[in-house]
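A.B. asks: Both chains are given apart, each in its own frame, so use the hints to dock them into the complex.
Going down the list, the protein sequences come from chains A and B.
Numbering-wise, our numbering puts 55 at position 55 of the first sequence, and it's gapless, one number per residue.
Numbering-wise, our numbering puts 337 at position 337 of the second sequence, and it's gapless, one number per residue.
Keep in mind that the hints were calculated from the coordinates and are not lab data.
Being a predicted model, the structure only gives us computed values, none of them experimental.
There could be a bad hint or two in this list.
[What the hints assert, rightly or not] Which bits of chain B does chain A cover? Going by a derived footprint, with three or more residues having C-beta under 8 Å, they are:
no., stretch
1, 67-81
2, 86-100
3, 237-250
We put the CB at the ideal spot given by N, CA and C, even for glycine.
Listed here are the chains, written in short residue letters.
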Amino acid sequence: MEIIDVVPPVLKDNVIVTSVDALFKWGKSNSIWPLSSGLACCSIEMMCAAASRFDLARFGYEVFRSCPRQSDLLIVAGTLTWKMTPPLIRLYEEMPEPKYVIAMGNCNIAGGPFSDSYSVVTGLDKIMPVDIYLPGCPPRPEALIDAMLKLQKLIRHPELGDAAKEAKAASLKNLRSMTQPVDALEEKAE
Amino acid sequence: MHSGIIYSAAQGLREVLMSLVGIPIIVDIIMTIICASILLVIMATSALVFTLGERKICAFIQVRIGPNRVGPGGLLQSVADMLKLMDKEDIVPKGIDKWLWVLSPILLLVPSALIYAFFPFDDGVILADVNVGLFLLIAITSQTVLPFLMGGYASNSKYSLIGGMRTVAQMLGYEVPMVFALMGIVMLTGSLKMSAIVEAQSNVWFIVLQPLAFLIYIVTALVESNRPPFNLVEGESEIIAGPFTEYTGMRWALFFLAEFSNLMCIGILTTTLFLGGWHGPDFLPGFCWFWIKTFICVLFYQWVGWTFPRLRIDTMLSFGWKVLLPVALINVLLTGVGIYIYNIM
Chain A
1 MEIIDVVPPV LKDNVIVTSV DALFKWGKSN SIWPLSSGLA CCSIEMMCAA
51 ASRFDLARFG YEVFRSCPRQ SDLLIVAGTL TWKMTPPLIR LYEEMPEPKY
101 VIAMGNCNIA GGPFSDSYSV VTGLDKIMPV DIYLPGCPPR PEALIDAMLK
151 LQKLIRHPEL GDAAKEAKAA SLKNLRSMTQ PVDALEEKAE
Chain B
1 MHSGIIYSAA QGLREVLMSL VGIPIIVDII MTIICASILL VIMATSALVF
51 TLGERKICAF IQVRIGPNRV GPGGLLQSVA DMLKLMDKED IVPKGIDKWL
101 WVLSPILLLV PSALIYAFFP FDDGVILADV NVGLFLLIAI TSQTVLPFLM
151 GGYASNSKYS LIGGMRTVAQ MLGYEVPMVF ALMGIVMLTG SLKMSAIVEA
201 QSNVWFIVLQ PLAFLIYIVT ALVESNRPPF NLVEGESEII AGPFTEYTGM
251 RWALFFLAEF SNLMCIGILT TTLFLGGWHG PDFLPGFCWF WIKTFICVLF
301 YQWVGWTFPR LRIDTMLSFG WKVLLPVALI NVLLTGVGIY IYNIM
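Looking at chain B on its own, in the form it has when it is part of the complex (with noise of 0.2 Å):
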C-alpha cells in the first residue's frame, strides 16, 4: 500500500509493540505517544535552528557575517541564549490579570504544536489523516489570535493592547483571502483530506495549476506567521514588542517558540500544499524531498522578511480586503471554469 523508509520503520515498531503488549488499543495509544513527542522533538530543535539561521540569513543580506564565536562557527549561539533566558527573572507586573497573563504564552503554543499532526510528512506517515484535514488545520491556526490578544489585553499595558488588537485586525483580515486562494486547490482535489492533496500532485504539482493562489498564499503565509514585512503584532519601533511586552525570560522565550514554530509550519504548508509535499525524483526518499522543500520555502521567507521594509498597519488592511480578497474570489471563479472545460474537453 504504502512505500517509504519511515512508513516501514513505523510498521516495523507496531509489530514489535504487537509481539510485546498483545493489546491493539494500548498498542495504538504507544504509538501515537511516540509520535506526538517525535514531532514535539521537531518542532522544539526546529526554533533554536531556525533563530541561528535567521540571524545568520539576516547576516548574509545586510553584508555581515553573523554569529560565529559561539561554539564552531555560531552553532552554539541560540543554546547560550536559551539558557540565558531560562536564567533571567521572571519579573510579574503589578495590575495584570494573573491567569489570562500566564496561560497566554503556554495556549499560544498549543495551536502551534497541534497542526503537526496534519503535516504528511512522508508516504502513509502522517499522523491524524482526518477526512477534513485542511479545514481543521485552518480552524487551528486561527485560534493563534486568542492567545495574542489575551497576552495583550492581560498585561494592562497600552503597547500590549494595540499589539493584541492589531493581531486580531491583521490575522482575521488575511484569514478570509488565504481560505479562499486555498479553495482552489480543494475544488482540484476534491477532498480536504491532507494525503489526498498530496496524492493528487504526483503528477502536477499545484503551484503549476494555481499559481494565482501560490502567490495569495504566501502574502497572507507571512501575515498569519507574524513574519517581518508583516510584523506588525511587534512593531518595534512603534509599539515595543506589542503583545510581549510584559514578558520576560521563559514566558517570553514561549512566544519566540511558537513563532518559530509558525515559521516551519508555513514552510510546511507551502510545500504540501502547492510544492508537491513527499514527491519528487526515486533517488531520494520522499521524507528528505520534503524536508528540502520545506527548506527552500523558510528560507525564502526569512529572505522577504530581511528585504523588505515593514509595512503600515492600515496600507496592509487595505491591502488584504480590497486586493487580495477579490483576486482571491477571482482565481475561485477561475478554477470552476477551468474544471468545466476540462470536464467537457
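With the rest of the complex left out, here is chain A (with noise of 0.2 Å):
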C-alpha cells in the first residue's frame, strides 16, 4: 500500500506525500563505493573500469575507499582460494550495513578453469551472499559498469532479489559458522 492512499480524499490535491526510504534509496544507489581489493587478474580489469577510458566516475562509483568501515561494495574479483577466504570473510564482516557484494569472475562464481582445484573456493556463496554474479573470464570493465547499475537497480527495487532470498540466507547461514561471534571469542580468551 502506498502512503498517498491512507490521505483523506479532500486532502489529496493539497498534500505533497513523499517517502524518506525513497529518497535514501536514490541515495545510496547512486553512492555505492567499493572496496579497494582485488584477489587476481580480475582486478586489473576493475581498476581499469575507473581510469579514463571507460570511467566508472560517471555514475559516482569511482570512491574506491581503501577501508572496509567506509565502503558499501565487496567486489571479489580473482579466484578465491581457501587460504584467502578468512582475510575476505574478515573484510566482508567489517563492513557496516547495508553491504553488498559482487562475484566477478567465472572463478569465484564456481570455480572457473580451477574447479578441480583442491585450493580454490568454487563458489563465492558458499561463504558469503553474493547480490550479482558478473561471469567472464575476466569480465570486460563494461561488463563491471553494467553489473554495479544492475546493482542500482536492485538497490532501487529490492524485491528484484526476492528470488534469490533463500539462496542468500543459506550463505549468510554457512559464514556464520565459519565465524565466531567476538562475545563467544572473548568467554574463550578468559
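C.D. replies: Here's what the structure looks like:
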C-alpha cells in the first residue's frame, strides 16, 4: 500500500506525499563505494573500469575506499582460494550495513578453470551472500559497470532480489558457521 | 567609515533590530548568532560543493568526465553521498576508548569552524576583529592536531595510531615554518589585526613584497590541511585511512567535512594574507573579489593535489625542518633589512 492511499480524499489535492525511504534508496543507489581489494586478474579490469577510458566516476562509484568501514560494496575480483577466505570474510564482516557483494569472474562464481582444484573456493556463495554474479574470464570493464548498474537497480527495487532470498540466507548461515561472534572469542580468552 | 553591500545590510539589520528590541546587548547577541549561523552554513555548503568540485577536477586532470549521472551534470552527487552516509550502520568497535573516540570527530570540527570568525570577507565584514587576530588564528588551527591524535589513539588500531602520530609529526613540523613565514607579513603591517593586514594591501599585495613567504605558505598550508601530496595522515596505500580507519558513516563524514572546511580556510587565508583580501577593481563589490580569489586558490590547491604523487613521511619531515624553516628565517631577516633600507631612504 502506498502512503498516498492513506491520505483522506479531501486533502488529496493539497498535500504532497513523499517517502523518506525512496530518498534514501536514491542516495544509496547513487553512491556505492567499493572496497579497493582485488584477488587476481579480474582486479586489473576493476582498476581499468575506474580509469579514463571507462570512467566509473560518471555514476559516482569511483570512490574506492581502502578501509572496509567506509565502503558499501565488496567486489570479489578474481580467484578465491581457501587460504584467502578468512581475510576476505573479515573484510566483509568489517563493512557496515547495508553492504553488497559482487562476485566478479568465473573463478569465484563456480571455480572457472580451477573448478577441480583442491585450493580454490568453487562458488563464492558458499561463504558469503552474493548480490550480483558477473561472469567472464575476466569480465570487461563495461561488464563491471553494467553489474554495478544492476546493483543500483536492485537497491532501488529490493523486490527484484526476492528469488535469491533463500540462497542468500543459506550463504549467510554458512558465513556465520565459519566465524565466531566476538563475545564467544572473548569468553574463550577469559 | 566602511563601505560595501554586506556592511550596510548588516547595519540596516542592526537598526531594524534596535527599533524592535531596543536593548543594545540583546541586539549584539542576536547579530552574533545570525553571523555565526551564516558562517556555519557557508562552511557546510563548501564541503558539499568541494566534494563534487574535487571529483570533477580530479576527473578533468585524469582525462575523465567525472560524476555526471546523478542530477543535472552530476550536481546532486554529494547530496546522494551524504544521504548514504546518514543511512550507514554506526559501528562502535569493542576495545576503544569510548569518550575520546566519540569526541574526536566533533572536536575536530570546532577549530575549523571557529577560525571563520577571523576572516575579513569584505570591508568591515569580520565577526571578531581582535587585535591579535593572526596569532589567535594560528593558535586555533594548531588545535586540529589534538582530535586527530585522540581519534588515532582511541581507535585501538595500529593504523589509526600510526596515522595519529604522523599528524602530530607533520603538523608540528610545518607549523613552525608557517609562523615564521607569516612573520614577514606582520613586520610589514605592524599589526596582527586581520583587517589591518588587508588594509595594508590596498596598494600592493603581499605576494609582491613577500614572494618567498608566499611559496613557503603554500607548501605549509597544504600540509596543515592534509591535502595531497601531503595527505600522509590518511596515506591509503600504507595505513588504510589513518586516524579515520575505525569510523563509519556520519562520524567519518564529520572528518570529511572538517577536511573540506580546512581546504576553504587555506584558500581564504592565502587570499587574505597574500592576495589583497577583498581589494580589487571597483566594478565588482569587495566580497565578490574575495570569493573569486578564494575559489582560484582552492582550485590551485586541488590542482596541485591531483598532479603530484604523495611524499614519503621522512623526506617530508626533513624538508620541513631542514629546508623550509631556514628559508623562512632568511625571509624574516631579508624583510627586516628591507624595512630598514626603506626607512632610511
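A.B. asks: Could you run down the list of hints and mark each one as holding or not?
C.D. replies: Now the hints, each set against the structure:
1. Coverage of the stretch 67-81 of chain B by chain A holds [criterion: at least 3 residues with CB-CB distance below 8 Å; count 10].
2. Counting residues of the stretch 86-100 of chain B whose CB lies closer than 8 Å to any CB of chain A gives 7, so the stated coverage by that chain holds, three being the minimum.
3. Under a criterion of three residues with beta carbons nearer than 8 Å to beta carbons of chain A, the stated coverage of the stretch 237-250 of chain B is upheld, 9 such residues being counted.
In this structure, every one of the numbered hints holds.
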